[in-house]
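Student: Given next are the chains, with one letter for each unit.
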Amino acid sequence: MSAVAEHSGAGVELVPIEPARLPTAVSDLIRSGGRMQMSYAWYRAPGHVELRYLGSRGQSGDFFMWRCDADGPVPSVAAICPLLGWYEREITDLFGVEFRGHPQPQRLVLHEGARPVVPPLDPAYPADTKLPFEPADGGLPEVASPDVQRLPFGPVRADVVESAELIFFYVGEHILHLHPQLFFKHRGMEKRFEGRSAAGAVVLAERVSGVGGFAHALAFCQAVEQASGCMVPPRARMLRSLLAELERLYNHLHYLGHLSHTTTLKVGEAEGKLLEERAKQINGRLTGSRLLRSLLVAGGLRRDVDPGPWLGGELERLQAQVAVYARMLENTNSHLDRLITTGVLPREVAIDQGATGPIGRASGLDRDLRRDHPYAAYGMLPLAVPVRTSGDAHARVQVRIDEIEASLALIERARLQLPEGPVRVDCVLPSHAEGLGWAESPRGSLFYAIHADGDGTLCRVKIKSPSFSNWRVFPFTVHDSNMMDYAINEASFGLTVAGCDR
Amino acid sequence: MPFWTFFGLRRGKATTPWPDVDLQSGQEGVLGMPRFEPERCEPACGDCAAACPTAAITVRTGEAGKERLAVDYGRCIACQLCVEACPADAAVPSFDWAFGTRRRSDLLLSAGTDAPDPETGERHSRDGFRRSLHIRHVDAGSCNGCESELQALNNPFYNLHRFGVFFTASPRFADLLLVTGPITYAMHEPLRRAYEAMPAPRWVMAAGTCAVSGGVAGGGYACGNGLDGVLPVDLYLPGCPPNPAAIIEALLIFLDRMPQKVKGGRLVD
Chain P
1 MSAVAEHSGA
11 GVELVPIEPA
21 RLPTAVSDLI
31 RSGGRMQMSY
41 AWYRAPGHVE
51 LRYLGSRGQS
61 GDFFMWRCDA
71 DGPVPSVAAI
81 CPLLGWYERE
91 ITDLFGVEFR
101 GHPQPQRLVL
111 HEGARPVVPP
121 LDPAYPADTK
131 LPFEPADGGL
141 PEVASPDVQR
151 LPFGPVRADV
161 VESAELIFFY
171 VGEHILHLHP
181 QLFFKHRGME
191 KRFEGRSAAG
201 AVVLAERVSG
211 VGGFAHALAF
221 CQAVEQASGC
231 MVPPRARMLR
241 SLLAELERLY
251 NHLHYLGHLS
261 HTTTLKVGEA
271 EGKLLEERAK
281 QINGRLTGSR
291 LLRSLLVAGG
301 LRRDVDPGPW
311 LGGELERLQA
321 QVAVYARMLE
331 NTNSHLDRLI
341 TTGVLPREVA
351 IDQGATGPIG
361 RASGLDRDLR
371 RDHPYAAYGM
381 LPLAVPVRTS
391 GDAHARVQVR
401 IDEIEASLAL
411 IERARLQLPE
421 GPVRVDCVLP
431 SHAEGLGWAE
441 SPRGSLFYAI
451 HADGDGTLCR
461 VKIKSPSFSN
471 WRVFPFTVHD
481 SNMMDYAINE
491 ASFGLTVAGC
501 DR
Chain S
1 MPFWTFFGLR
11 RGKATTPWPD
21 VDLQSGQEGV
31 LGMPRFEPER
41 CEPACGDCAA
51 ACPTAAITVR
61 TGEAGKERLA
71 VDYGRCIACQ
81 LCVEACPADA
91 AVPSFDWAFG
101 TRRRSDLLLS
111 AGTDAPDPET
121 GERHSRDGFR
131 RSLHIRHVDA
141 GSCNGCESEL
151 QALNNPFYNL
161 HRFGVFFTAS
171 PRFADLLLVT
181 GPITYAMHEP
191 LRRAYEAMPA
201 PRWVMAAGTC
211 AVSGGVAGGG
221 YACGNGLDGV
231 LPVDLYLPGC
241 PPNPAAIIEA
251 LLIFLDRMPQ
261 KVKGGRLVD
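Taken in sequence, the protein lines are chains P and S.
Under my numbering, the residues of the first sequence are numbered 1 to 502, in order.
Under my numbering, the residues of the second sequence are numbered 1 to 269, in order.
Hints may be right or wrong, so weigh each one.
To be verified - Across the chosen pairs, the derived CB separations fall in these ranges: (1) P:G195 <-> S:S94: 26 to 36 angstroms; (2) S:T58 <-> P:D426: 44 to 54 angstroms; (3) S:G29 <-> P:A409: 23 to 33 angstroms; (4) P:D480 <-> S:S94: 48 to 58 angstroms; (5) P:N482 <-> S:R192: 27 to 37 angstroms; (6) S:P199 <-> P:E112: 24 to 34 angstroms.
Stated by the list, open to error - Partner residues aside, some chain P positions facing chain S, computed with beta carbon under 8 angstroms: (7) G47; (8) H48; (9) G288; (10) S294.
Since the hints were made in silico from the structure, they are not lab data.
The C-beta atom is built at its ideal place from N, Cα and C for all residues, glycine as well.
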C-alpha cells in the first residue's frame, strides 16, 4: 500500500475514504461546487479490489482521487450523483463488486447472456478465453399498453455506421422512451493493455476510438509521463497541441457534413465531407497517417514533423472555405428549421448526467480541460472556449463551428511559436507507479488512469472516453420527442460507439 | 435553397481522376506496410519481431546462423515500430498501402517457408457484377477508424458511385458483405444473420487488419481473431485503417477490373 502512495502521480491527491462515508462525501462535494469525473476499480492485490473516484473541487481545482477497498458490498452513489451510475454498473460487470441500493442494477458493459466464470478483469480470468455467451433478452420491462410500439433498430443499421441497437418505445410519431443497447462492440480494450510496456501500449490507445486516436494516445502518454515524472521537451509539447487541433478539425468538419446529410442538405453534405477529406489529406502529408497515428510515445514524439509554410498555406485555404461553408449553413432556413429547438438538453440534466465537450458547452457548461487543466502547450496558447446556453441541436452545431475557427487559429499560433529542439526524452515507467492523464478530445473530456506492475509493465488501464459520458446523456433529449427529429438529434451529438464500448 | 446549387456549380468537379490518372490518389505521404529485405538482417537480431505489437513478424534462426524472417501482412497495422527498431535497414518505410488480395496466403512474406494456402474465393463467378456491386457493411467491433475511411468513399473526392459500387441498407440487396472489426462476442450472431440474409451469389470482404486477423484487439475475453473460421472470405484488405484509395483498389481487384498487386507478401508493379 505504501508503495502506491509514494509513486502516486503529482497533481492528483490520493485520499483514503471509508466506503460507508462515500454518499456523504459525494453530496458534500457537489453542494460545494465540485464535481465527480469518473470512478473505476483495479486489483491492488490478488483478490482485493480497490475503488477509485476521480473528482475536482470547483472549475479548475486540482483533481483528487478517493480510494477505498471493496472487499464487501459498497453503497451506491448513483442516486446522489447520477453520472456515476454507469461507472458502478461497469465495475459490477467487470470486477464483480456489488453496489448496494443502485437504482438501475442491470448489466451495462457485458450483455445479458454473457456468463463469465470469474469477472473478466480479474487476473484469474483465463487468458484469451472468449466469454461464454448465449444471446438473451436485455430484460427491458414489458409495456402494457397495446398502443405503444416497440422498435428494435440495430445493431446492424442502415448506411456505414457503427453497431449499436436503439430500442424505441413510441406511439405514432411520438417517442416515449429510447433505450440504447450499446456494448455490442465491447472489445475488452482495457484488459488488452495489461502486461504491455508503456511504449508498446500506445498503438492500443490509438485504436480505442479511431477518430479520437490522437487524443486517446495523448492522454495515455501523459498518464505515463506523470507516473514516471519525465518532462516532455517544449517542441514536442507544442507539436502535440498542434496535432490535437488537427484531429479536432477533421472531426468537426465531418460532423457538419454528416449533420447536413440528416437534414437532407445534399450540397452541404458534400462540401462538409470534402473539407474533411482535405483535412485528412493534410494530416497524411504532415504525419504519414490520415488519422494522425504512429507519432506519440511517452516522453514526446517518435519523430519530428515539419509543419512548414506549406501547412500554413493549406490551412489558410481551408479556413477561407470553411468560413464560406459555415456562413452558408447558418443562412439556410431549411437546415436551421430542423436544428433549432431540436433535442434540447437542459443545463441541469447536462450537469447531473455528466455531459462533456461540445455537448456540455452547448448547454451552458463552460468547461474545457485545455483551459481548466492545461496540458501539452495549451498553457501558452490563446484559447477561446465557445459556450451556448440554448442546449438544442443548433447550439451544438454553433459550438463546433466556433471550435473549428478556434482550432485553426491555435494551429497557426502553434506553428509560428514552434520552438526548435529535441522531441523526445526517455520515459521509463517505475514499478508500482500510477498516473492520470487527460485530454479534451474533439468530443470532450478523456481520462486515462494507469497502474504499473512490479516490473514496470501495465497492470491496469482505465479509459474514460467522452462518448461514454455523452451516450448516457443522449436519451434524455430523445424521450418525449419526435421520430422525424431522431436522426438529426443523434447526428448533432456526434457520438462514437467504439469509444463508449471499448 | 438556390444558392447551394450555384455554390455547387461554382465549386466545380472535386473528384479525382485516379485511378485512370496515376499519382492523384490523395494519399501523398501516407505510410503503408513496411518493406523487408531479409538479406540485410543482422545475425541473431529479431528486434523487429520484438517490437511488433501484433506478432506479424517472426524471426527464426535457420541453417548456418542465417535469420529467416517471415511477415504476415494480414496482421500488420502499419505502426512503423519495426522500422524504428531495425538496426540494419532491413525494414524500411514505404507507401505500400494497397494490400488487397484474394487469398490470405498472398499476404504472407516468408523466406524459404511454405505457408499453407487456405483456398477460398472463386466460389462464384463475378460475371455480371463487374460494373455493379452492392455492399452491406457490418461493423463487428472496429475502433471506427475503418468506418471513418469507408464513409470517406462517398465524399466528392473519391465518389465511389462512379465505379458502379454502392452501399446498400438491406443485406437482401447486397452482393458483398464488408466486415470491419475483430468480431466481438456480441456481434458474432448479428454478423452471421446479416450474411444469412444475403442472396447467393454472395461474397465477403475482410476490411482492415482487425477483420483479417484480429489486429491489436484480437483475442482476449471479448474478441475473436477476425473472419477466418467465422465466414468464408473472398477479399482481404489489411491496413489500420485501409485508406479510401486502398479500399477502392481492393474492390476493383475483386471485380477483375484491376490486377492484384500483392503476391507472396510483396508488391509487384
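Student: Tell me the numbers of any earlier hints that the structure contravenes, in ascending order.
Tutor: 2, 7, 8
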